[in-house]
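Visitor: We have chain A already, so just place chain B on it with the hints.
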Amino acid sequence: MTAAFSARVDAALASPTLKLAIDRTTGTARSKRAAAMAAWPEFNIARDLGRDIKDHVIENLEHYLVTFEKNAIASGAKVHWAETGAQACAIVVDICRKANAKSVTRAKSMLGEEIGLPHALEEAGIERVETDLAEHIIQLAGDPPSHIVWPALHKTREQVAELFRTHHRDPGALASVEAMVGSARRQLREKFMAADVGISGANFLVADTGAVCTVTNEGNAELTTTPPRVHIVTAGIEKLVPSTAHAMAMLRLLVRSATGAELTQYTTFHCGPKQAGDLDGPEEFHIVLVDAGRTRMLAEGLADMLRCIRCGACLNHCVVYRQIGGHAYGATYPGPMGAVLTPSLSGLEAAQDLPRACTLNGQCQEVCPVAIPLPTLLRGWREKAWQQGFEPATVRWAVALWRFLILRPALYAAASAIGLRLMPLFSRNGWISRLPLAGGWTAHRDMPSPTGGTFLAQYKRRMKK
Amino acid sequence: MNERAKLETKASPHVALFATCLVNAMRPSIGFAAVQLLEQAGCRVDVPMGQTCCGQPALNSGDQEGTRQIARRNIKMLEPFDHVVVPSGSCAATIKVHYPELFAHDPAWLKRAQNLAARTHELLSYLTDIRGWAPEGVHLEKTATYHDSCSGLRELGVKKQPRKLLAGVENLTMRPLAGEETCCGFGGTFCVKYPAISNAIVDEKAAAVEATGADLLLGGDLGCLLNMAGKLHRRGAKVQVYHAAEVLAGMGDEPAIGGDA
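Top to bottom, those sequences are chains A and B.
Every letter in the first sequence is one number past the one before it in the numbering used here, and letter 180, counting from 1, is 180.
Every letter in the second sequence is one number past the one before it in the numbering used here, and letter 238, counting from 1, is 238.
Treat the hints with care, since some could be wrong.
[Claimed, not checked] Derived, one-sided and incomplete: chain B residues facing chain A with beta-carbon distance under 10 angstroms:
hint	residue
1	Val23
2	Ser61
3	His139
4	Ala196
5	Ser198
6	Lys205
7	Leu226
8	Pro255
No lab work stands behind these hints: they were computed from the structure.
All C-beta atoms, glycine included, are put in the ideal place defined by N, C-alpha and C.
Pulled out of the complex, with its shape left as it was, chain A reads as follows:
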């Protein structure tokens, strides 16, 4: 385990409130998803369809990108292409500067986090107002997001009330979640109306209409994209779907998997700037299409991962995420999907712990609405880490020695017999509570003391009788 990961894990496990916060939100998410699935016997068919739609798009990416661009331009949008996250940020900052923007509202976008857009806006001296309630909370706290659907999942509601009391103009009593939402609404409302530019992400890019689909439960995306003069969308190129009908098929999977609801409170298809006769809408509509390593993922054998629709179900069902939370992953994307994406985005050497810190129990794959074989992809990273020599020397030697014995049954039997004779020396009443070379086990749990030699040796003796 690298020192950096170890330190983050220790900090997470030592937090007195983190587990409570994780259990509250992911527990609700799991039970609501389970109820939604119980009421949806066709889930498996829908999942296969969702998988096939995304695979089809990825296999024909160039066609759909060109079609989307053509239709978006026809709707009056300006389309920009960014190969890297830094290029995407530069394009967004440049549009803001040209619009003389002093204040920017932003609707939650994981791609924005991935490419470092919040930081880039701050560097450029532009006021950034996060409008998603959870993003608002973590902006006040100065934290990075800890979950892809609920970025402030690591904060308990008690901690949120404390933040609002400190930072809000007119917090009131904050006695209930409703009162807290009211306080945030009072705080954010005038920011929405005063912003020069609104920035959103995209849940889907609809190729045949050039529209951008966003889903929220708070309506903040609509308030971010409609009042300002300029609307900028930043979207990863894997967000494409062929048509609105395909987007609807994906929405059924996304929302049920994320929150268990049939649909989000707000589902909006943004298509081009304000037209003559429109009551409202932005004067300029920009779409920044971002690669940022996605085409490289295709070459790295991660095409399956490009199906991901960022529902968060794999995080909610991951036993590791549920213990250590999102920040311990040290990356934009945590949980199983993050453990697959991060080595590609940030390099395998730095992120080598993420694919390894997994029990390969397969529940993530079971709940994935687009059937991504997450354990297989995580194994793939372990193979690369092994080949590239990132596994610590102690582990490499231990595996090499073990394999040497495994391939030589007589030696293996002799070594086992010695080990089994030594182990009872450390036991009391049939249990071992401290054992040399097995501290990782005995630090936390006891080990039953073996008795009577190996099964093979005992079986051989019985057969002779």
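Guide: This is chain B only, laid out in the frame that chain A set:
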């Protein structure tokens, strides 16, 4: 009738018990229980003396070439048998699911790996699905709960079979376990590579087991059972842990994992 179906309906198939390295070293009674159950189910049982391990630790460490060496050895060793039965979902899945993946680019070995995969079964599902066996005259005046080990559950579909078998044990009362399909935190080498995370997971699992109030915790995979038994003992819980095969073989009154202490 195809070749495979013929084998499965054979009155007395020649079965190799692949005991697994953990059973071999830590809990021989599971091996003896498996032999007894397979014989009761009409099998001619052999325990190949050259067996060691399926190779899972190397596979999960990312050492593909090392795993292939182990796999080739096991494939050769297990070729003479009609069926290969494994008292562990994760070791059975390594042979059944992952050996063929390892030889995806080696047609000759792929064929042999697929052939072995088709003949390999997890013990509890083999007894019910292939042999149609059910316990007769097995008594145990206890309450028990069952943990579904992940590999067996998700890679091999082992879920109903152990419950069906245990329902045939007279006087044994089964209690549901909250989160029975949630991983116990063992994960093979995971539990020693990331001990703090593994501990947090198994602590939650042990609490759920204790909350059932059952006398016994049963399962089908010794790695997970050792993890949970060790944690339950460290917590001072009185729950006794057995492989389901031991109970089915009438060994539920003999000392549990770690003895009675």
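Visitor: Hints first: check each against the structure and report whether it holds.
Guide: Here is how each hint holds up against the structure:
{"no.": "1", "hint": "Val23", "in the structure": "6 angstroms, holds"}
{"no.": "2", "hint": "Ser61", "in the structure": "6 angstroms, holds"}
{"no.": "3", "hint": "His139", "in the structure": "25 angstroms, violated"}
{"no.": "4", "hint": "Ala196", "in the structure": "6 angstroms, holds"}
{"no.": "5", "hint": "Ser198", "in the structure": "7 angstroms, holds"}
{"no.": "6", "hint": "Lys205", "in the structure": "9 angstroms, holds"}
{"no.": "7", "hint": "Leu226", "in the structure": "7 angstroms, holds"}
{"no.": "8", "hint": "Pro255", "in the structure": "8 angstroms, holds"}
Checked against the numbered hints above, the structure violates only hint 3.
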